[in-house]
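Participant: Below are the chains, spelled out letter by letter.
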Amino acid sequence: MPYFLLEIGAEEIPDWMIEPALEDLRARFQAAFGTFGGSALITEATPRRLVLLAKDLNEKAPDVESVVQGPYLSAGGRAAEGFARKCGTEIGRLAKMQDAKGERYVFHQLTEGQLLPAALSEKLPEIIASIRFPKSMYWTGKGGLRFIRPIRWIVAILEDQIIPFEVAGIQSGNTTRGHRILGSKHPIPITMETYEQALRDNFVIVHADERKRRIEAGLGPDVHKDASLLRTLVYLTEFPTPIRGSFDASYLELPKEILSTVMRHHQRYFSVLKEDGSLASAFVAVTNTDGDPDGLIRQGNERVLRARFNDARFFWQVDQQKKLSARLADLAKVTFQAKLGTYKDKTERVVKLASALAAQTNADANTVEIAALLSKCDLTTDMVKEFTDLQGVVGGLYAKAQGEGEAVAIAIYDHYKPVSMDDSIPRTVEGQIVSIADKLDTLRECFKIGMVPTGSKDPFALRRAAQGVVKVLFEARLELPLLALVEDIPQLAPFIKERIQFYLRDVLDFAYDEVNAVLAAPLSTIPDLADRADAIHYVRPTADFEPLAASFKRIKNILIQAGVDSGIPINSDLLKPGPEMDLYQASERAAGSIRHRPYREQLAAIASLRPGVDLFFDKILVNDPDPAIRQNRLALLYSLLTEFSTIADFSEIVTS
Amino acid sequence: MDTFQDTIFKLKRYWADRGAIIQEPYDLEVGAGTMAPETFLRVLGPKPYKVAYVQPSRRPADGRYGENPNRLYKHQQLQVILKPTPEDVIEQYLGSLEAIGIDLRKHDIKFEEDNWESPTLGAWGIGWQVMLDGLEITQFTYFQQCGGMDLEMVPAEITYGLERIVAFLQNVESVYDIEWAPGFKYADVRLADEQQFSVYNFEMADVAMLWQEFELHEREAQRLLELFRATKEKQRFPVLPTYDHVLNCSNLFNLLDARGAISVTERVGIVARVRKLAVGVAEAWAEQQNPKEEAAA
Chain A
1 MPYFLLEIGA EEIPDWMIEP ALEDLRARFQ AAFGTFGGSA LITEATPRRL VLLAKDLNEK
61 APDVESVVQG PYLSAGGRAA EGFARKCGTE IGRLAKMQDA KGERYVFHQL TEGQLLPAAL
121 SEKLPEIIAS IRFPKSMYWT GKGGLRFIRP IRWIVAILED QIIPFEVAGI QSGNTTRGHR
181 ILGSKHPIPI TMETYEQALR DNFVIVHADE RKRRIEAGLG PDVHKDASLL RTLVYLTEFP
241 TPIRGSFDAS YLELPKEILS TVMRHHQRYF SVLKEDGSLA SAFVAVTNTD GDPDGLIRQG
301 NERVLRARFN DARFFWQVDQ QKKLSARLAD LAKVTFQAKL GTYKDKTERV VKLASALAAQ
361 TNADANTVEI AALLSKCDLT TDMVKEFTDL QGVVGGLYAK AQGEGEAVAI AIYDHYKPVS
421 MDDSIPRTVE GQIVSIADKL DTLRECFKIG MVPTGSKDPF ALRRAAQGVV KVLFEARLEL
481 PLLALVEDIP QLAPFIKERI QFYLRDVLDF AYDEVNAVLA APLSTIPDLA DRADAIHYVR
541 PTADFEPLAA SFKRIKNILI QAGVDSGIPI NSDLLKPGPE MDLYQASERA AGSIRHRPYR
601 EQLAAIASLR PGVDLFFDKI LVNDPDPAIR QNRLALLYSL LTEFSTIADF SEIVTS
Chain B
1 MDTFQDTIFK LKRYWADRGA IIQEPYDLEV GAGTMAPETF LRVLGPKPYK VAYVQPSRRP
61 ADGRYGENPN RLYKHQQLQV ILKPTPEDVI EQYLGSLEAI GIDLRKHDIK FEEDNWESPT
121 LGAWGIGWQV MLDGLEITQF TYFQQCGGMD LEMVPAEITY GLERIVAFLQ NVESVYDIEW
181 APGFKYADVR LADEQQFSVY NFEMADVAML WQEFELHERE AQRLLELFRA TKEKQRFPVL
241 PTYDHVLNCS NLFNLLDARG AISVTERVGI VARVRKLAVG VAEAWAEQQN PKEEAAA
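First to last, the protein sequences are chains A and B.
Note that the numbering used here has the first sequence beginning at 1, numbered continuously upward.
Note that the numbering used here has the second sequence beginning at 1, numbered continuously upward.
Next up, chain B with everything else stripped away, as it sits in the complex:
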């Protein structure tokens, strides 16, 4: 039986063999692998790209103090971006399941409609949730828009829910019983994380401080975006650091939300504020990637 890490190794190997860059997780708090620049920014523009990485994804509101066997504040996604989408993308994906030891002839695979949308990123796509014997194991999305822009080249995003897949492979009822490495369970590695962050996120986070932080990051991102518009030195402009501030805003928003600190009327407005920044960064990045068009315009 493969450990949690064995399965990750195998998936990475599989996609590396198919030409993907194997990246490491992005080193900021994000809610999903999509938010990492390796997806959010790379899908923009006309340049082909193939990448795979594990992204720990934080969803403060989903925390359950480590008491629920299936729900986690932070879970691990394995994110694959194939841009442009190869014609046999689904066959390749099914091959990856075989590669981690799922004999598809003995199981039931279905592709059920599930379209994806992220209002804070101005992004959406069309796709499926992939069901294995009734278990959702993957979100498969053809990106259509990102940062409010129609994508020039349509990428496929394949997001594996690693805990679910491995719990299935190891036939355990609780994610905490997954064997992460020989002799170490998921609980040994991550339980304290789940407990303590649930306590902090739900009970102790200092709301005033979080708001302050949110506003600081927002202001910095706004300032940078204004500078970008004004400058002629677009090529060396720090668009990527600007995006870091947007990611911080997004994570702080999630924290405030979990803490119950955002009222209804505020909520829509704040999502719109973050989206505006994300769209600004996406546009700046696209412009930076495609300077010819800028010169022509």
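Only chain A is shown next, with the shape it has when bound in the complex:
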């Protein structure tokens, strides 16, 4: 059974687009050639080639038999003749079939399965042209094929046979290319068997995993682990070789945040750690070569790094000439968002909001105010203009250097945190408050002007901001009324509620109905909501809980049908001794006893009402002929429902 090899040779494809492109290529190939069977589809890539290997394909797609329906016998001989002619056969070869309207002619048509080479030739151009990239270009002229970068060659071989087709003026063939510098300057003829070795001989390791291992082997145990940098380098090289360089230890005076950002983001170097975890004055660069025997590459990289570090040192010195507090006025020149004014406006709002929030917590009001005031000032520094990822961090480092105090410095340093769901929250309550105020302000202002995320469109990362707020509030157990802070802005409260729901369900792992039950009850703070969900989750497996939840649902329906939506006083004189009076008394007792107790105990107490509720529904008819008694029973049920639904709306619980 034949193997098929496709190699799309292109100019250097951006590293981060390669894996999704391979996935897309695989899916499209699978969809187009699934009928040919095959035991495995293997994809590989380097910056200059997307490769697909299909194993054990069938040489022909299965024949497909279909039934073509013809005229009824009653339509006469001419209709039958016409049908037979259309099917390319004679009347004698048509079959007959009975259906509701009578007997009719049918033709069993056999469509022969396409042969593999023909199918490949026909469909591959379309498959290659439709691989999706986040960005694409044309190069053969206006209206020409769009791809991520120009395609320069295509290998398409089915065993020893070239599958001919053309894409963007490139004719498929059986020649590949080697490493730009180390490989042959000429096209390299290959076969299915020699492909990998021919590439290897020309300094191309086609397997991403092998390149990864090769890099890892050269890193050394003292290198700071960095999986995402590693992946980038795997797809930036065809023949990776790590080399180690060093820099003058005097640069270690600069903050480690700045040094590692220069190394990682600007130079794609791994940093090296000393035994105590601090930075060593060394780095590892991954080259796309077979080595550096003369040390020229090392020297070059050291020189570049030195210049970068000098820049950083220069920025640091220049920036210190103007304190953060003196930069406040400059924020009027930094746009927050075109329609939302400047960072000066934003700062003023954030200071106000942060101070109001601080007053509701044990945060130091003064620290919060100063940190909020200075939080965006680093945007005007040369350091942040150069290293934008370090916003906040630089502000914190400068605040410390300028004597603003440790607490203010930490709050500024941390206030963009958490930048993702995996990131940690600010270390101090003051940092947490500034972080929340900053994000809430962004959310409030964007929603005010209608910048509301839709579907996958969320250019201002508002979901992440809202998720960050929820995470900080939960993890720091800050008892702040989040929803009350946004209820004046249409659409924002439901948006935040969605994020809370996501957090409880997907991060804290509560069942969806538990989360719905909690969110349907009166809303409070995030830690409180989480505690309530926790209590439900805890009490749920006990025998009484789910039946009680079912009864609550029944009560809710009865009340809806009766049109009761507000409290009616209960007249205890009208209560009949027995289940009715018992339930009333039990509920009064429970209500009195559970106040100020932990939610788990409260729920256990509520669950214990179950026998009383069951007995009530067993023995008592709510719809009593006497309207006064009926009204009183509805009042009892209403009171029961509202009294015990403050923790959660149990009717949301899905019972088995």
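Derived by calculation from the structure, the hints in this document are not laboratory data.
Check each hint, because a few of them may be wrong.
For each label pair, taking beta carbons as the anchor points, the in silico distance ranges come out as [to be verified]: (1) GLY19/B <-> ASN58/A: 50 to 60 Å; (2) PRO490/A <-> ASP27/B: 55 to 65 Å; (3) GLN5/B <-> ILE42/A: 46 to 56 Å.
Quick list of in silico lysine-lysine cross-link-like pairs, DSSO-like style, CA-CA up to 27 Å [as the list claims (entries may be wrong)]: (4) LYS185/A <-> LYS10/B; (5) LYS276/B <-> LYS339/A; (6) LYS322/A <-> LYS74/B; (7) LYS417/A <-> LYS322/A; (8) LYS50/B <-> LYS142/A; (9) LYS50/B <-> LYS185/A; (10) LYS185/A <-> LYS12/B; (11) LYS185/A <-> LYS106/B.
Glycine included, C-beta positions come from ideal geometry on N, C-alpha and C.
With chain A's structure known, arrange chain B on it following the hints.
Facilitator: Okay, now just chain B, sitting in the frame of chain A:
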């Protein structure tokens, strides 16, 4: 060891040998080689073109009073335009590095994604920054749009950062230590330039006067573009002088920006004003280059 000027000679020779016209720098202040008409206008339309030139590029905000070893108010770019892009463009480019004495077998070359965009020119392209042993030495761009128009023929733009490349070749830490010609350092030739223009751009430029100048050039460009639309004599119309006024606007905008004279709200608006003029000129030029289409329309 080659001097700064030797390296420039060699690059020019290399591209001349491959059929490029060797142009001299455009004689107006521009922020990048792309803005010179030899790139901005020549990439438009269906006519093949190959050109290389050194373009001194002014970025007032990048000035550092001659005190930073790597940052300059004005740097020298060697700009190559190959339209249409030859299939072996990257091989040709790598050959140019060999031609200036870089033994690629002993160095590490990487092509890292870096797309280019100029909002004031309504232009963008896709490409890479070329890294040599971790140093960005070239911006390589496949132009896709210019003056707001999809390009009919896709050119490759190769922009060499000459100071960086030569500092690398001469193994010096500061651009000011580059040997420009035997016995003359970069500092001897250009340091005063950097110092004085930093002082002027950051401290002394008369903001009101710059605004006036900006508006004068803008008005003249607008006036000419309106005349172009009205006239039937398109072929002899001064589109190129119109573009000079746009370039003046662009440079004045950069000066005002460096001087801190442009507020946030103004900034977006002014970029849009310059772009509108640039797009107008690009359209006029394209029309002038392709009169048949005009007759048909």
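Participant: Taking only the CA atoms, is the gap from LYS185/A to LYS12/B under or equal to 27 Å?
Facilitator: Between LYS185/A and LYS12/B the Cα gap is close to 24 Å, so the pair holds against 27 Å.
Participant: Straight-line Cα separation of LYS50/B and LYS185/A no greater than 27 Å?
Facilitator: Roughly 25 Å between the alpha carbons, so the hint for LYS50/B and LYS185/A holds.
Participant: Given the hint that LYS276/B pairs with LYS339/A, test it: the Cα-Cα distance must not exceed 27 Å.
Facilitator: Cα-Cα ~21 Å, so holds.
Participant: When you take the CB atoms of GLY19/B and ASN58/A, is the distance between them in 50 to 60 Å?
Facilitator: Since the Cβ atoms of GLY19/B and ASN58/A sit about 51 Å apart, the hinted range of 50 to 60 Å holds.
Participant: What's the verdict on LYS322/A and LYS74/B, does the C-alpha distance respect the 27 Å limit or exceed it?
Facilitator: The hint holds at about 26 Å.
Participant: If you draw a straight line from the CA of LYS185/A to the CA of LYS10/B, is it 27 Å or shorter?
Facilitator: holds, 23 Å
Participant: What's the verdict on LYS185/A and LYS106/B, does the C-alpha distance respect the 27 Å limit or exceed it?
Facilitator: Distance of about 17 Å is within 27 Å: holds.
Participant: Honestly, do GLN5/B and ILE42/A meet the 46 to 56 Å range at C-beta?
Facilitator: The hint (46 to 56 Å, Cβ to Cβ) holds, given that GLN5/B and ILE42/A are roughly 53 Å apart.
Participant: Does the alpha-carbon distance linking LYS50/B and LYS142/A stay inside the 27 Å limit?
Facilitator: With a Cα-Cα distance of about 19 Å, the restraint between LYS50/B and LYS142/A holds, given a limit of 27 Å.
Participant: For the range 55 to 65 Å, tell me whether the beta carbons of PRO490/A and ASP27/B fit it or not.
Facilitator: Hint holds: Cβ distance 58 Å, inside 55 to 65 Å.
Participant: Going straight from one Cα to the other, do LYS417/A and LYS322/A come out at no more than 27 Å?
Facilitator: holds, 26 Å
Hint violations for this structure: none, all hints satisfied.
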